[in-house]
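Colleague: I would like the entire structure built from these sequences, with the hints used as guidance.
Here are the chains, one letter per residue:
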Amino acid sequence: MGSTLSTHLRHVLTLLDDSLSLNGQSASFDRDTPLLGALPELDSMAVATLLTAMEETFGIAIGDDEIDGSVFATVGSLADFIEQKLA
Amino acid sequence: MSLVFPKRDACFLGEHEERRFCLFTHAMGRPRGTILYVHPFAEELNRSRRMVALATQAFAQQGWSVLQMDLRGCGDSEGDFSDACWDSWLADLDRAHAWLDAFKAQHDLRGPTVLWSLRAGSLLASSWLAQRGLSQPWLAWQPVLQGAPYLTQFLRIRLGADLASSSQSGNVLAELRAALKRGETVSVGGYGLSAALAGGLESSGLALHAGFQSPLCVIEVASGAAPELSPATSTWLDKARRAGHACEGVATSGNRFWQSAEVELALDMIAPSQTALRGWAP
Numbered sequence: 001m002g003s004t005l006s007t008h009l010r011h012v013l014t015l016l017d018d019s020l021s022l023n024g025q026s027a028s029f030d031r032d033t034p035l036l037g038a039l040p041e042l043d044s045m046a047v048a049t050l051l052t053a054m055e056e057t058f059g060i061a062i063g064d065d066e067i068d069g070s071v072f073a074t075v076g077s078l079a080d081f082i083e084q085k086l087a
Numbered sequence: 001m002s003l004v005f006p007k008r009d010a011c012f013l014g015e016h017e018e019r020r021f022c023l024f025t026h027a028m029g030r031p032r033g034t035i036l037y038v039h040p041f042a043e044e045l046n047r048s049r050r051m052v053a054l055a056t057q058a059f060a061q062q063g064w065s066v067l068q069m070d071l072r073g074c075g076d077s078e079g080d081f082s083d084a085c086w087d088s089w090l091a092d093l094d095r096a097h098a099w100l101d102a103f104k105a106q107h108d109l110r111g112p113t114v115l116w117s118l119r120a121g122s123l124l125a126s127s128w129l130a131q132r133g134l135s136q137p138w139l140a141w142q143p144v145l146q147g148a149p150y151l152t153q154f155l156r157i158r159l160g161a162d163l164a165s166s167s168q169s170g171n172v173l174a175e176l177r178a179a180l181k182r183g184e185t186v187s188v189g190g191y192g193l194s195a196a197l198a199g200g201l202e203s204s205g206l207a208l209h210a211g212f213q214s215p216l217c218v219i220e221v222a223s224g225a226a227p228e229l230s231p232a233t234s235t236w237l238d239k240a241r242r243a244g245h246a247c248e249g250v251a252t253s254g255n256r257f258w259q260s261a262e263v264e265l266a267l268d269m270i271a272p273s274q275t276a277l278r279g280w281a282p
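Those protein sequences? They're chains A and B, same order as listed.
Residue numbers for the first sequence follow our numbering, beginning at 1 and rising by one.
Residue numbers for the second sequence follow our numbering, beginning at 1 and rising by one.
Hints are supplied without guarantee of correctness; some may be wrong.
To be verified - Covered by chain B, per the in silico footprint, the following chain A stretches (three or more residues, Cβ under 8 angstroms):
1) 23–34
2) 39–45
3) 64–70
4) 75–87
As the list claims (entries may be wrong) - Computed list of chain A residues with no C-beta within reach of chain B, every gap over 12 angstroms:
5) Thr-7
6) His-8
7) Leu-9
8) Thr-14
The set of hints was computed from the structure by calculation and includes no laboratory data.
These figures come from a predicted structure and were not determined experimentally.
Each residue gets a CB set at the ideal place from its N, CA and C atoms; glycine is no exception.
Modeller: This is the structure in structure tokens:
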């Protein structure tokens, strides 16, 4: 379980880094790193890009009613969301 | 990179509501041909300007004249984004193409007119080539392959904006789609999207028509030390090759500059583009 979560976390960090052009900045992120409202690169366009990238990478479909601000609150909440989608 | 910069003219083509802003960068040295740039959709046009300007300069230094037109309702062209529809953009490409033909005739220039498209610009270029039955060398940077998921991604910008302000999304995408279906214009990320434009975008897809006999070079950026083409693009290219088209794909390292809030670059896209262009010059 723990290793699955860390795999998702790694994927999330890679996605964040690529989608938001963080240039490796995500290496210093952990589960508690705040995202929405804290990371200037995560603007509305980046949220849209990230959702599409998540769908493509994990082969999932994300309905808009599944998304609220809490999903994008931290790195950990985003990883948990993906884990729950894949469960 | 040379320190001598190419000459660049800014001008308007057409009048009144048909007025389009154009940048024309003149070839340096022996002219090899002309390039018609087809820009990406909405905010991606703005975010990619710096990278496109640098590439334009690099192409001009190797003998290519480049025409960049802001399509109807985009950039500094006449009209609001909500005035634009897919067909008006196709007509803009006609005008830009005709202008390049006239320029070549006037200066007795030989060499091809290459299409250079970025992101959803490739969807528009694809529609235009098919509808006009044209065939010309095509440089496609990070092409969007399907219009429908791209429209969804665009509409989700509203979702992102709503999350930032209220942390409640409701069902904003369904509402936007319903409004478009009723023929209304919706506002997304500061852009008014008309039902006609959304419809044109949604039904578009990257394809080479049967009569297309020119080479296509697709260039993508990817992360990591050994960049690879995305699986979707690889599959698309394989299919096009099996249909008899001359296609190549190159993956380069770089940032996804068209979507970045900061000005980002992917300079590694330039060299393989120049290689492709050299192969297409007479």
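Colleague: Take the hints in turn and mark each one as holding or not.
Modeller: Here is what the structure says about each hint:
1. 23–34: Answer violated; 1 residues pass the 8 angstroms Cβ test.
2. 39–45: Result for this restraint: holds, n = 5.
3. 64–70: holds (count 6)
4. 75–87: violated (count 0)
5. Thr-7: holds (17 angstroms)
6. His-8: holds (18 angstroms)
7. Leu-9: holds (17 angstroms)
8. Thr-14: violated (7 angstroms)
In terms of the numbered hints stated before, the structure departs from hints 1, 4, 8, listed from lowest to highest.
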